[in-house]
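All chains, full assembly: derive it from the sequences and hints.
2 protein chains.
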Amino acid sequence: MLVHKVHRLTDPAALRQKLLAPRSIALIGASDDPAKNAARPLKFLRSGGYAGTIYPVNPRRTTVLGERAWPSLAALPEVPDHAYVLLPTEAVVEAVAQCGKLGVPLVTVLADGFATAGGIGAARSAQLKRVSDETGVRVIGPSSLGVIDLRTRLMLTANAAFGEPDWPVGRMFAASHSGSIIGALAARGKARGIGFAALVSAGLEVDLGVGEICAATLDDPGIDGYLLFLETIRQGDALRRFAQGAAERGRPVVAYKLGRSAEARELAVTHSGALAGEDDVADAFLSACGIARVDTFEGLIEALPLLRRVAPRARRRAPAVGVVTTTGGAAAMVVDRLALRGIEVAPPSPQTLARLASAGVAVEPGLIVDLTLAGARYEIMKAALDTLLAAPEFDLVVAVVGSSARLNPDLAVRPIADCARGARPLAAFIAPDAPEAFALLTAAGVPNFRSPESCADGVAAALRRRAPMPWSPPPRPAAGKPRALDELAAYALLDRVGVPRAPAVALDANLAAPPALPFAYPVAAKVLAADIAHKSDVGGVALDIADGPALVRAVGELRATLSRHRPGTTVARVLVQPMVAGVGEVLIAYGVEPEVGPLVMLAMGGVLTEIYRDRVLRLAPVDLATAREMIAELKGVAALSGFRGRPPGDLAALAQAIAALSQLASDPAIVEAEVNPLIVRAQGQGVMAVDALVLLADEVRQTNG
Amino acid sequence: MLVHKVHRLTDPAALRQKLLAPRSIALIGASDDPAKNAARPLKFLRSGGYAGTIYPVNPRRTTVLGERAWPSLAALPEVPDHAYVLLPTEAVVEAVAQCGKLGVPLVTVLADGFATAGGIGAARSAQLKRVSDETGVRVIGPSSLGVIDLRTRLMLTANAAFGEPDWPVGRMFAASHSGSIIGALAARGKARGIGFAALVSAGLEVDLGVGEICAATLDDPGIDGYLLFLETIRQGDALRRFAQGAAERGRPVVAYKLGRSAEARELAVTHSGALAGEDDVADAFLSACGIARVDTFEGLIEALPLLRRVAPRARRRAPAVGVVTTTGGAAAMVVDRLALRGIEVAPPSPQTLARLASAGVAVEPGLIVDLTLAGARYEIMKAALDTLLAAPEFDLVVAVVGSSARLNPDLAVRPIADCARGARPLAAFIAPDAPEAFALLTAAGVPNFRSPESCADGVAAALRRRAPMPWSPPPRPAAGKPRALDELAAYALLDRVGVPRAPAVALDANLAAPPALPFAYPVAAKVLAADIAHKSDVGGVALDIADGPALVRAVGELRATLSRHRPGTTVARVLVQPMVAGVGEVLIAYGVEPEVGPLVMLAMGGVLTEIYRDRVLRLAPVDLATAREMIAELKGVAALSGFRGRPPGDLAALAQAIAALSQLASDPAIVEAEVNPLIVRAQGQGVMAVDALVLLADEVRQTNG
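As you go down the protein sequences, you meet chains U and Z in turn.
Residue numbering for the first sequence is 1 to 705, as defined by this note's numbering.
Residue numbering for the second sequence is 1 to 705, as defined by this note's numbering.
Any given hint could turn out to be false.
Given that identical chains are not distinguished, each listed pair holds provided it fits within a single copy or across any two copies.
Said to hold, decoys possible - Quick list of in silico lysine to aspartate or glutamate cross-link-like pairs, EDC-like style, CA-CA up to 20 Å:
| # | residue 1 | residue 2 |
| --- | --- | --- |
| 1 | Lys481 | Glu595 |
| 2 | Lys36 | Glu379 |
| 3 | Lys190 | Glu436 |
| 4 | Lys101 | Asp133 |
| 5 | Lys101 | Asp81 |
| 6 | Lys635 | Glu263 |
| 7 | Lys382 | Asp410 |
| 8 | Lys36 | Asp410 |
| 9 | Lys43 | Asp32 |
| 10 | Lys635 | Glu610 |
| 11 | Lys481 | Glu672 |
| 12 | Lys635 | Asp614 |
| 13 | Lys190 | Asp433 |
| 14 | Lys535 | Glu672 |
| 15 | Lys481 | Glu674 |
| 16 | Lys535 | Glu557 |
Honestly, the hints are just simulated from the structure, not real lab data.
This structure is a prediction, so every number in the text was calculated from the model and none was measured.
Have a look at this one:
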């Protein structure tokens with residue numbers, strides 16, 4: 001079917017031209033019925049004023065919406081830069097193949113039905129991918145509502161919102177898995193005077209993903225920030241490469257990702273055909289990319305101006321926010337939300353309070369600077385802001401204004417606008433509906449928020465953002481079933497990376513007499529076999545063995561129990577270790593996720609922490625400082641930190657163990673390594689693995705950076 | 001100082017007249033400077049067109065803003081219905097006392113400074129309260145920005161927002177602890193065509209609280225729902241009485257309460273002078289009142305129309321939501337949030353799918369009804385909605401519309417409007433900015449939401465709302481230090497209410513020889529003394545005692561340990577119990593909170609669950625069904641429900657024990673009763689208290705209903 005292989009468009013500048021500034025466009029399957037989705041791109045390109053050549057392709061008509069229609073792609077007088085396939089699902093693969101054959105460099109596919117239940121959707125997607133691979137044609141979608149560049153008036157979209165004139169042109173670029181969202185973003189932006197440069201509906205990312213699409217615009221001087229709406233993480237390496245490029249150019253990236261709940265993750269599967277994966281994995285990934293993640297849809301629209309002002313955080317100390325307000329209640333809503341997001345609102349220092357007083361701002365000492373007593377006047381708000389923005393204790397200042405903002409923005413809003421260029425970033429929340437106040441702030445360049453929730457969301461996202469971790473695409477373990485190491489071999493790996501573990505000896509399981517051991521009783525005995533991963537589930541573990549005769553008995557019982565649990569299995573060897581006591585235990589693990597790469601995890605051991613889903617993830621490897629951060633984020637670790645008079649555990653040694661385990665990221669043969677439990681002993685006494693499970697890949701696949 | 005006692009206004013109808021329809025108003029301290037807050041009430045009453053008599057009182061001027069000023073309250077030709085005291089903090093108490101003396105029935109106080117740090121604020125508040133008690137004058141505030149009735153154009157407020165003309169008049173009543181919020185609510189409502197009947201800034205509630213203020217309007221025919229903005233729960237009985245009255249009249253009440261975070265609770269203390277208390281206590285209280293609690297500020301404005309359509313839930317089964325959409329991404333945001341709020345989105349049943357198909361609506365089976373394939377057309381959306389609204393599996397249907405809503409609301413929004421009177425409640429979220437679509441929905445009476453977060457918030461609040469628990473104000477334990485019972489006496493109380501507990505015998509602590517016990521070894525021994533509440537903290541507990549001689553030794557050690565820990569203490573008696581094994585343990589407790597009344601709590605025992613703050617509260621007493629709900633809500637209970645092959649615990653017996661303990665609410669002498677741990681044994685084997693702590697009040701104070 002497919003014969004002609006064309007040059008595959010990979011150069012970002014060339015891709016950008018075809019994507020955002022195509023000289024000619026074919027609309028394959030353009031409809032003459034104005035009510036149909038397939039009629040919209042032609043209508044919108046014309047009403048928008050696109051200056052390039054448009055070729056409607058429709059074999060059943062000579063005209064479409066009053067324009068000449070071409071019978072086929074092959075009949076066109078030139079190879080178009082970009083083709084938008086508007087045909088029904090069943091006709092898509094053939095049409096894209098035709099594009100590839102004729103040398104069209106870029107095709108966008110509207111049709112749905114590539115993520116349908118059963119195998120049909122997946123089969124169609126695979127066909128489309130193969131067409132792209134074999135012919136070299138680059139594909140956006142399927143399920144793509146198209147590409148909009150408001151600067152070139154390229155309204156190449158079936159999204160109903162873009163039938164409208166007079167879009168404000170801005171410098172933001174939006175990419176979304178969901179096509180409808182680009183319309184919602186643009187319309188909500190327009191309503192508040194925020195413009196976009198361009199928007200792309202990426203759909204199912206069969207070929208071109210959000211990462212590669214965004215990366216193509218990194219040298220576009222008209223773009224200075226990115227909004228992503230993600231249903232899942234796909235093509236993680238490309239996304240990460242783009243995020244690095246954006247960071248190098250000082251362009252912030254903000255993402256809303258669906259799937260905080262299991263239900264929405266399930267929906268993402270149905271809707272987009274990709275496994276969204278655990279949400280905290282995505283969270284760790286976005287964080288490592290330096291992408292700020294917001295939790296509210298309004299936050300996605302409102303946060304970018306603030307991200308432009310807040311440099312990614314390098315320091316390890318928790319950021320502190322100062323709040324100044326003319327209205328206690330509205331400010332308290334922001335404080336409440338910030339605290340729930342783990343962002344500390346700090347009170348002004350005594351020095352700052354003194355400076356406020358000498359600037360004529362009378363305030364009560366407290367968590368926030370409440371100007372109710374001082375009065376909502378320009379001079380008061382201006383003096384308060386000047387003082388707070390110069391105060392060393394704050395990383396960012398939030399100004400909250402109440403009812404006066406609506407009719408008299410000169411009182412408390414204009415001073416905020418006049419502080420737009422202070423020494424610290426400033427953000428504003430206005431409690432009432434107050435269009436004039438928002439316009440004033442936007443014009444002055446002060447990031448402003450319409451709800452307490454989006455304000456706290458934007459501030460938290462900005463303050464939590466980090467510079468991207470240094471990274472080059474790592475070799476990945478090959479697909480296929482990995483093999484397990486036995487516990488002794490797993491310990492050897494821990495020894496290599498430097499994770500402390502309990503002494504251990506392997507003994508013949510046909511133990512006739514008490515053996516000589518290099519450590520004292522009491523001991524533990526476990527079956528030693530690579531094919532028994534969960535030893536205690538099959539009765540393969542005996543604990544607290546008091547002496548030699550008891551050990552002989554225990555090993556005999558292990559063999560008997562195991563042959564009951566798994567008939568036919570004979571236990572050849574057992575592993576014997578001293579019993580290790582500590583003040584508590586944790587689980588640390590390393591693993592490689594297909595889309596996001598190597599991860600390291602810290603969790604509390606045991607049933608309750610599994611129920612509470614208390615775990616912390618980072619992309620591996622991590623340094624000691626990051627490992628310490630992980631420990632601080634694990635809620636249950638309070639039990640190891642001197643909680644209610646209990647002895648504190650050796651958390652310094654725990655951090656070392658986490659960092660050490662994460663170094664497995666440099667070994668592509670390791671698919672998974674789990675230490676459970678890692679005994680945490682009292683301060684100064686270290687940590688010690690007393691069980692370990694390692695999975696090895698049989699071969700390693702190289703990826704190119 | 002205060003001599004003249006006037007009739008105290010308690011009759012709701014009379015209070016309502018003075019509050020919302022005063023025939024005359026005194027503005028005490030009205031300012032001639034239009035920039036001052038104290039000038040606003042006069043300005044706004046005049047610009048609003050208030051028809052009653054206004055008496056500006058200002059001893060230092062003959063005119064105020066061009067009107068005659070009166071030198072004192074005593075100089076007025078009549079006793080005004082309502083006085084607004086606009087004086088500085090220091091002058092407030094004297095002015096209110098003067099009002100009381102002259103027989104003014106109702107006074108609102110603007111001044112701040114009654115919640116300042118140190119004792120000054122509290123002392124001022126106490127003075128004001130005393131003036132109210134002694135003279136009978138009712139007081140709103142302090143820190144009240146006033147009272148607005150948009151029907152009578154009573155703009156008796158210093159809130160800057162109300163200087164504006166043309167407020168839409170609606171049927172909602174708002175009461176807020178924060179004064180600024182009433183302006184924000186009214187302005188945000190106005191921007192979306194939502195009007196209020198009246199709004200009151202309740203401030204610090206020294207006398208009249210939100211409950212009594214709202215209750216005064218229960219027979220106002222122009223009001224059909226209530227919005228509360230709460231910083232804390234004060235005057236719980238009055239609030240509960242109001243909520244009952246509202247429920248009897250079928251008027252929904254929705255509340256936003258600050259203080260999900262500890263930081264905001266702290267702020268509420270500073271700002272309002274009241275202890276906000278633990279947020280989950282407030283949550284249990286609001287729920288028992290039948291007040292729907294929202295989590296977002298926009299939700300507070302948007303939820304009431306939906307609450308009018310959703311009857312308080314009586315059934316115990318979890319409600320299920322159906323979702324229909326023209327845009328997968330936007331719907332997924334709502335689904336994600338609903339799931340995080342614990343509200344289940346259910347897929348259409350096979351029967352419903354079949355009905356959709358025969359109505360010409362082509363959809364893929366899945367969690368939501370996605371009309372992308374079927375097309376966003378009137379007939380399709382209408383048929384889909386008609387089918388879903390008739391489907392028995394849904395309690396509520398959410399319709400989500402994408403970009404078409406903006407330019408062409410006839411396609412997918414008008415059918416929603418045309419389904420406003422379906423068999424089930426319907427709510428709509430519109431993804432883009434779409435003023436015309438929102439206006440269409442509002443005019444048709446379809447509850448509509450501007451953000452996925454507020455939509456999920458409103459839906460969750462509506463579906464979680466219950467009818468108020470039957471209630472009459474209970475007698476309360478008297479203030480003062482309660483006294484503890486010893487463990488044996490505490491067990492007697494458990495026996496009385498029917499909470500199973502382990503057998504126990506009290507022995508003389510000078511145990512010379514092994515005693516005869518009515519149960520078998522192993523046993524536990526504990527010091528038995530009412531003044532030692534936390535026995536294990538002082539070494540007063542010995543566990544797993546194997547036999548008689550060991551018991552004698554253990555009791556001797558207990559005595560020795562205790563005299564070391566608490567020199568001078570002698571142990572007279574010990575309690576001996578059999579060791580009780582179970583599949584796990586929990587903590588159940590009963591207590592009386594000053595503002596909200598009797599509570600019952602279920603928590604997992606142990607350190608980790610304390611760290612994870614896993615506990616469930618209800619107002620006591622509870623029935624078995626509610627106790628079962630509490631168990632279902634406790635996350636850690638998964639460990640007792642057959643988690644990962646563990647034996648399931650006797651949760652039926654646990655529910656009985658919770659319900660039994662909660663019956664202590666009928667005994668006002670009990671201040672607190674805690675069973676920790678309650679051993680949960682395997683299914684069919686019951687539960688058993690193995691420790692208990694009870695605090696008794698020395699006297700009981702009667703409250704009148």
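For this session: Mind listing which of the numbered hints don't hold for this structure, in increasing order?
Result: none
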